[in-house]
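*Asks:* Single-letter residue listing:
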Amino acid sequence: MSWVTRDAPRADELSSCIQCGLCLPSCPTFRLTGLETASPRGRLTAMSAVAAGRPVDSRFEEIMGACLQCRACEVVCPSFVPFGRAMEGARAEIAAQTSGVDRRLRRLVTARLLRSRMAVRLGTLAASIAQSSRLDRLAPGRIRGTVAGLRSLKGRPRSIVGRTRAAQGEKRGVAALLAGCVMDAWFGDVHTATVELLAAAGWEVVSPRGQTCCGALAAHDGWADDTRKMASVNMEAFRGMDLVVVNSAGCGAHMKEYDHWVDGGEELATRVADANEVVAEAIADGRLPRLSADGDRVAVQDPCHLRHVQRITDQPRAVLAAAGLTVVEIDPDGRCCGAAGIYSLLEPDMSRRLGSSKAEQVQATGALLVASANPGCEMQLRTYLSELGHTARVAHPVELYWEALQRAEGRAAVR
Amino acid sequence: MQPSPELELELRHRLGDEQVASDPLDLYVFGKDAGLVRGEPGLVVFPRNTDEVATIMRLAGRHGVPVVPRGSGTGLAGGAVTTGPHVLLVTTRMNRIGLVDVENRCVWVQPGVINLDLSIHTTPFGLHYAPDPSSQSVCTIGGNVANNSGGPHCLAEGTTVNHVLAMEIVTPDGDILQVGGPAPDPIGLDVRGLMVGSEGTLGIVTDVLVNLLPNPPASRTILLAFSEVEHAAATVSGIIANGLIPAALEMMDQPMTIAVERFANAGFPTEAAAVLIAEVTGHPSAVDAEAELVRRLGASHRATLIRVASDEAERKRIWLGRKSAFGAIAQMNPDYYLHDTVVPRTRLVEAIEQTYAISERHGIPMLNVFHAGDGNLHPLMSFDASIPGVMERVDAAGKDLIEACVAIGGSLSGEHGIGMEKRDYMHLVFDEMDLDAQARIREAFDPGRRLNPGKIVPQGSRCFDFGRPPPVGAWV
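Chains F and D, in that order, give the protein sequences. Using this note's numbering, read the first sequence as starting at 1 and increasing by one per residue. Using this note's numbering, read the second sequence as starting at 1001 and increasing by one per residue.
Calculated from the structure, these hints are not laboratory results. Among the hints, erroneous ones may be present.
[Claimed, not checked] Keeping only pairs whose Cα atoms sit at most 25 Å apart, straight-line, the calculated SDA-like set for lysine to any residue is:
#, chain 1, residue 1, chain 2, residue 2
1, D, 1399, D, 1385
2, D, 1316, F, 331
3, D, 1399, F, 328
4, D, 1316, F, 104
5, D, 1316, F, 124
6, D, 1399, F, 334
7, D, 1399, F, 333
8, D, 1316, F, 327
9, D, 1316, F, 74
10, F, 229, F, 101
11, D, 1316, F, 333
12, F, 154, F, 124
13, D, 1316, F, 229
14, D, 1316, F, 328
15, D, 1316, F, 101
Model, not experiment: these values are computed from the prediction.
Could you build all of it, start to finish, from the sequences and the hints given here?
*Replies:* Written as structure tokens, this is what we have:
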């Protein structure tokens, strides 16, 4: 028996690849290894082999597991192969057909703990104690990088769930902000900036109770039933909202694809927007100001799920330019930084090579500010920049704009 | 012969486990290139340098197992697909670009270097590597050498053979030789010229000294549309007849244009029967005059649209569309079969009409995209191989197509190579004596038939195979 779940790569998805190979150079793992088996085309061929009757064995698991799911291949594919969907299907098959302690642990983390606000809070507390006591340096190898990439957890704002913020000026509608799992616990300042800017742009902001983790990490790791549950919960929580704003690129990309998992997903996708999109639109409309240049340079990093999945590249640059910053590019191809959700924990060697080379690219720009619109990328960049001894600050584009706006308003008030 | 466990162990010992793959799933994945034929290797190896290639050749030779070289696997004729459980030698890890010799405009590159990466690497020196196959963002220099690859810009600048100065090769016995040299015309027998296009049947290329050309100071890319294919073809002939050799002169018919426009959004007019892309390069004052000539000739042949790309972004979109043609076809059907025939430029219209007639006769949709300036046709058949009987119709249509092109004075292949796919059509253009001569050249390099067996030369080509001596006056 080859496939056993309803989520398996479909025959039409696999046959849409004609093996032209144009995807190969866009794939970070092919670039590093030169292996067909570490390329999008090779992975689809391996899926086709299983569809034709080969077993889901440990080699298949390795080949699928080496994929970052960065989806750079989709952008260059002239046949529009839905690679990300097929890979999520292959991962779902592996999850269904294999067992073991590590699998159970992975499910526990991506599909259970992230859904539990209490669990995330406890984890955050532990990390915060480790940070302040410097015990974080003793973390075991695999998670040390992740811990090192954390923002300072001291004095972070409280959860935004259940909070509301009235619109300023003429009201455009109700915007719901996805609290998210780690965004809410570790990136409170990004939430604050997003809420304030949405309100300033005319949105009434809410972050409804009843929402949960978006489910992206569970989907990428193959926990299909859990993914469906999380998607259903959020569909309900965000019903009736005019706009669902997401400030984590990976979460936004996943929510724009809820139709892979639940009925009604297409409709929700029309209301989901990345925070960069909403803020850039408000700047373009004149609802938010363009601030005068202050001469600081910012290196912009494109999270894969913003650039390749949501196809958003101009907006973060527009937001940063409106913050008065000079945008510098670090990589014309937008290659993955190697964070890729829990990939950095599962495939540490590959992740390290990608993270180091991305950090070197940032260092080469000489910029002391780096903008990244995804929490995983931000942590990865911080980890490898600090390894290089480069002291650049890494922050969300919307956060940088909000800070610049506050500074400008502060100056105006003094005057 | 199947690789023995001893051969695998020796290779693992000498090269390291990371450089050898033998899991059945790996062998399956490496069992294909971008074409249709499948053939699983017995073992896959990933050498990192010339010495490792020599080691592989010696060990495989000792065990009597043939070796087949492979780059990125974008070939369309099965040249890098094994015809038995052979050792597949993948060159992608040999991807070092040497120091660019700016004064002499050349550079040594390993075979696994991606074509476009080379030109990107030499951009700061104002130089580029001229052959630009549609797969240039993926395909390797080694594969280009093996197939004497061309590309849209080979009309004015020539194919791979015109851009390779020297190479290092490893023989079937594992000896390392250098052929050619920095001089454009080597003394003695031009073995270098013989190697280019030999599809890995004469030796494994492990380093290539390629010629680099200065980037043109200016270029104009002109998009022309026509309501009749004949008008487009007449424009092509008119341009060449007027003494202009554009850097590229490409044509797409309507079904192809519709498919690529969906992906590239290059502004191709999807209602036109044919679209021409002409590119002229050179001095700024010259390109404007040449673009004007193209415009005038297009207008005189009733072009319905003539547009000069206004900036580099628009130019890039036009080329992205043209170069993604093969991939875009999967929007219609899951399988394709891309032909690569050549006809005299003056008989393009006839060849296209034949294509449509053959398409109709066999019920296989065909889309056309071609290097019009060279008369190099790329009819693409689009089909679903899983439907019973379809493959037979595809084969029959392919045979008719090749025969039709040869009948009007054309050839089997422009630039994709013969490989396995067209091997058995070789007799359409070569007689027994010709094939015997080719088989003997091959035998001189590889008497044990240990390099890419079953490719290019059909079995039984060697007159010796029939027990007859070669007749006097055979083609050499």
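*Asks:* Give a verdict on every hint.
*Replies:* Against the structure, the hints:
Restraint check for residue 1399 of chain D and residue 1385 of chain D: the C-alpha separation of about 17 Å stays at or below 25 Å, so the hint holds. Under the criterion of a C-alpha separation no larger than 25 Å, the hint pairing residue 1316 of chain D with residue 331 of chain F is consistent with the structure, at around 19 Å. Taking the CA atoms of residue 1399 of chain D and residue 328 of chain F, the gap is near 55 Å; set against the 25 Å cutoff, the hint is violated. For a cut-off of 25 Å, the pair hint linking residue 1316 of chain D to residue 104 of chain F is broken: about 48 Å separates their Cα positions.
Restraint check: the Cα-Cα separation between residue 1316 of chain D and residue 124 of chain F comes to about 48 Å, which exceeds 25 Å; the hinted pair is violated. The hinted pair formed by residue 1399 of chain D and residue 334 of chain F fails the criterion: a straight-line CA distance of about 44 Å is larger than 25 Å. The hinted pair formed by residue 1399 of chain D and residue 333 of chain F fails the criterion: a straight-line CA distance of about 42 Å is larger than 25 Å. For a cut-off of 25 Å, the pair hint linking residue 1316 of chain D to residue 327 of chain F stands: about 24 Å separates their Cα positions.
With a C-alpha separation of about 19 Å, the suggested pairing of residue 1316 of chain D with residue 74 of chain F holds against the 25 Å cut-off. For the hint linking residue 229 of chain F to residue 101 of chain F, the alpha-carbon distance of about 23 Å falls within 25 Å, and the restraint holds. Taking the CA atoms of residue 1316 of chain D and residue 333 of chain F, the gap is near 15 Å; set against the 25 Å cutoff, the hint holds. Under the criterion of a C-alpha separation no larger than 25 Å, the hint pairing residue 154 of chain F with residue 124 of chain F is consistent with the structure, at around 10 Å.
Under the criterion of a C-alpha separation no larger than 25 Å, the hint pairing residue 1316 of chain D with residue 229 of chain F is inconsistent with the structure, at around 44 Å. Taking the CA atoms of residue 1316 of chain D and residue 328 of chain F, the gap is near 22 Å; set against the 25 Å cutoff, the hint holds. Taking the CA atoms of residue 1316 of chain D and residue 101 of chain F, the gap is about 51 Å. The hint is violated against a cut of 25 Å.
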